[in-house]
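Participant: Sequence:
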Amino acid sequence: MSYDVQIRPYTEDDVPAMRTIWNQVVEDGVAFPQLETLSNDDAGAFFRQQTHCAVAEDQATGQVLGLYILHPNNVGRCGHLGNASYAVDRRCRGAHIGEKLVQDCIRQAGLCGFRILQFNAVVASNIHARHLYERLGFHPLGTIPGGFLMPDGHYEDICLYYIQV
1 MSYDVQIRPY TEDDVPAMRT IWNQVVEDGV AFPQLETLSN DDAGAFFRQQ THCAVAEDQA
61 TGQVLGLYIL HPNNVGRCGH LGNASYAVDR RCRGAHIGEK LVQDCIRQAG LCGFRILQFN
121 AVVASNIHAR HLYERLGFHP LGTIPGGFLM PDGHYEDICL YYIQV
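Numbering-wise (the working numbering), the sequence shown opens with residue 1 and increments by one.
Because the hints were derived from the structure by calculation, they are not lab data.
All figures in this text were calculated on a predicted structure; none of them were measured in a lab.
Built from N, CA and C at the ideal position, the CB exists for glycine as well.
Hints are supplied without guarantee of correctness; some may be wrong.
Have a look at the derived ranges for each label pair, beta carbon to beta carbon [said to hold, decoys possible]:
#	residue 1	residue 2	range
1	M150	G110	29 to 35 Å
2	P33	R135	20 to 26 Å
3	A60	D152	37 to 43 Å
4	N40	R90	30 to 36 Å
5	R90	C112	25 to 31 Å
6	I144	A45	28 to 34 Å
7	A60	I116	33 to 39 Å
8	L141	G79	16 to 22 Å
9	P145	C112	29 to 35 Å
10	A60	R107	30 to 36 Å
11	H96	I116	21 to 27 Å
12	A45	R8	35 to 41 Å
13	H128	E12	29 to 35 Å
Throw the hints in and build the complete structure from the sequences for me.
Facilitator: Next up, the structure:
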């Protein structure tokens, strides 16, 4: 399916759709480190505490198709390192929405004062994300053996990436 995607800052009205999409990724258990899904009560606060959140919206329908969160990777002398997470509605995956989210996030990271965007835990088997990051100019930092607990109980390697923004 084809979408007319616009990436824009989220609004409070987007939070229910963002919560649903975020929770899909958490429930899938193969990308985010979180074990608990966001409740209706805590979703708004979670997204508000980020440095920046944006959504991918289909301009033809107004449907939220995906989102990203951007926040510091560390504090103090390392506070210039940003970190981000991306989520695309499982019904829309494969339509290059994630690519548009990552591209906007790189731009936004610079606008927010981050000098580097670093990803700490890209699951090694998430080849679509890894290929996307490398194609967009992210550099692999290395691999942490068994750094991610998969839903079936086995441990998967995680890869670290960074890009200067």
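Participant: Hint by hint, note whether the structure agrees.
Facilitator: Evaluated hints:
1. M150 / G110: 29 to 35 Å: Roughly 34 Å apart at Cβ, these two residues keep to the hinted range, so it holds.
2. P33 / R135: 20 to 26 Å: holds, 24 Å
3. A60 / D152: 37 to 43 Å: With Cβ atoms ~39 Å apart, the hint holds.
4. N40 / R90: 30 to 36 Å: violated, 20 Å
5. R90 / C112: 25 to 31 Å: holds, 28 Å
6. I144 / A45: 28 to 34 Å: Given a distance of about 30 Å, which is inside 28 to 34 Å, the answer is holds.
7. A60 / I116: 33 to 39 Å: holds, 36 Å
8. L141 / G79: 16 to 22 Å: Roughly 19 Å apart at Cβ, these two residues keep to the hinted range, so it holds.
9. P145 / C112: 29 to 35 Å: About 33 Å separates the Cβ atoms of P145 and C112, which means 29 to 35 Å holds.
10. A60 / R107: 30 to 36 Å: For A60 and R107 the Cβ distance comes to about 24 Å; the hint is violated.
11. H96 / I116: 21 to 27 Å: Given a distance of about 25 Å, which is inside 21 to 27 Å, the answer is holds.
12. A45 / R8: 35 to 41 Å: violated, 21 Å
13. H128 / E12: 29 to 35 Å: Holds: the Cβ-Cβ distance is about 31 Å, inside 29 to 35 Å.
Comparing the model with each numbered hint stated earlier shows that hints 4, 10 and 12 do not hold.
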